[in-house]
Amino acid sequence: METLEQIKARIEKSVPLTQLDILPNECPAGERSLLVEAGRAFEVAKFLRDDAQLKLDYCSNVTGIDWPETVVKTKVKKKVLVEGVEKEVEETIETLRSGHLEVVYHLYSMAFKHGPVVLRLRTGNRADQTHLPSLTPLWRGAEFQEREIFDLYGVIFDGHPDLRRILMWDEFKDFPMRKDYVAPDDFEYEPTPHDEVLDAAKKHYPVEAGPEVNAGVKP
Amino acid sequence: MNAFAALPPKNYEVVPKTDESGAPIGELLEISMGPHHPSTHGVFRMDVVLDGETVVKLKPVFGYLHRNHEKIGENISYLASMPYTDRLDYLCSMTNNWAYALTVEKLAGLAVPERAEYIRVIMAELTRLQNHTCLIGFFVQDMGALGTPMMYAFREREKILDLFESVSGARMMCNYMRFGGVRVDVSDEWLAQTKKIVGDYGRFLDEFGTFLTENEILLGRTQFVGVLPRELAISASVTGPMLRAAGVNYDLRKVDQYGIYRRFDFKVPVGEHGDIYDRYMVRVLEMRESIKILEQALRDIPAGPIMDPKSKLRGFRPKAGEVYGRIEGPKGELGFYLISDGSPNPYRYRVRPPSFINLTILEDMCLGHKISDAVVILGSVDIVLGEVDR
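The listed protein sequences correspond, in order, to chains A and B. With numbering that gives the first Met the number 0, the residue at position 112 of the first sequence is 111, and numbering never jumps. With numbering that gives the first Met the number 0, the residue at position 219 of the second sequence is 218, and numbering never jumps.
Isolated chain A (complex conformation):
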């Protein structure tokens, strides 16, 4: 198979005005991936599927990943004048990485038995811009997997034929695979609570009732 750089160059030639990035992978055995902007993702995927040299006709795996907003710490060396002498000082810069949801497609070719090419799509943020184009019209195998990502992560796939919850029940509200998901308080009474059960009991029974009740021993 061609290298990822060659594939990228050929995509840029046939799908113009596309923003493509090759993301590194620190694991030596793993594959680097191709970050595609959401607006052109469908055209890029169609190219990868129909191209005579690649023919990636088999979409093996579709995955969602949640990247919440985090503070990234990077260390930078700086030259500072200390008492008239120039000295190198290490400084930590904290940058806020905005949160987003990510969908990863692993594409293989059954005709040529090569692969994978890893496609990544990112949403704008985690709250209101969670739309991505669905690739189910290209690969039918993505249908249930995209439904699962919608169900567990809350990514809305535009153009999906049947976007409903699949593993959770239809009335369920939250997205349980997100990193900030809080499990519901389904505390059950226990006569001798301890450790995390005691914490759950303290949370479950309000404080006003007094210390002996507050221990979570009795409702």
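Any given hint could be a false lead.
What the hints assert, rightly or not - The calculated lysine-lysine pairs, modelled on DSSO-like cross-linking and capped at a C-alpha distance of 30 Å, are:
| id | chain 1 | residue 1 | chain 2 | residue 2 |
| --- | --- | --- | --- | --- |
| 1 | B | K266 | A | K112 |
| 2 | A | K178 | A | K74 |
| 3 | A | K178 | B | K311 |
| 4 | B | K158 | B | K195 |
| 5 | A | K201 | B | K70 |
| 6 | B | K253 | B | K195 |
To be clear, the hints were calculated from the coordinates, so they are not data collected in a lab.
For chain A, the structure is supplied; the task is to place chain B on it using the hints.
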């Protein structure tokens, strides 16, 4: 499909059937089949709309066994996920273990000693044998042969489960493989016993074949039923015996040649029509090939260590990075996708379940067939709900 999309999502509802001009010409019946129907192999439900006895719409509904395996995997260490993988496809815990171990080995760069590779192949092929045997038993039962064929199948399966039990301590939840090897070594007596069971297996398949392969009822119920066209099978990411029955020669043991499959001489059976009979036949022939692989592996297995000395059970923290590893499970491509951020727990832990994705085209295969055929078609897909729901 779209004509019925407007139907309300209720069960047991009789909806009017109309011709093209909109005039009523009869009634359609909506049935909720399952989740406790015995043919659904667990808690699986099909929302079926019937015209007489013919299926005109079918929607699979599942998630009853959902425990968010992937979220559990993100909150515990790498090794602690190993026993959880047993519970995915609870008929094939050995191949689940292998797929997970293979992915973590790829992530951490561990090598597997020779003897452990052979043991893994032996375990995986035994798993394939018992899974296919079991499946054929279930699936003949779905066609109405109550009891007897399944008992024949279970008798043989039990012999293999006894082998698993004597080496790992558990019949089904084996938890046997580790990153960089396997947990316990096999003894010479165990290998001799396995050789004997594998040697006898061909006779059992002959016997099973005499009763089933040319059986008139089985032919009538399976030939040209539930046909899956080749193009649809590829596009829908169907893998395993289902895909090969549709005429695509794609077996990861040949394509990826993971482990030491390069060394064995075996063929990949491929179907022609993509109907239920081909799926049955591909599985029977696959068992014959598994016996061949087992005979070679049992003959060639060397002595030596069973664990990579570099691997450690405690304080296991692979470097940051991401990896996708896959093996050919008995049901299809079983893959694991892991993202490590350098901590003891994976940042993202994803299972690519073959039986979940093989269900995508269940409706396409069932449309136009009778409701009793839908049962057999579901049986031929070979699902295990522990893996579908995760």
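Status of each hint after checking the structure:
Restraint check for B:K266 and A:K112: the C-alpha separation of about 17 Å stays at or below 30 Å, so the hint holds. Between A:K178 and A:K74 the alpha-carbon distance is near 26 Å, which keeps this suggested pair within the 30 Å criterion. In summary, the hint linking A:K178 to B:K311 is supported, as the alpha carbons are separated by about 28 Å, within the 30 Å threshold. Annotation: proposed proximity of B:K158 to B:K195 holds, straight-line Cα distance about 11 Å (limit 30 Å).
Restraint check for A:K201 and B:K70: satisfied, since their Cα atoms lie roughly 25 Å apart, inside the 30 Å limit. The suggested pairing of B:K253 with B:K195 holds, with an alpha-carbon distance near 27 Å, which does not exceed 30 Å.
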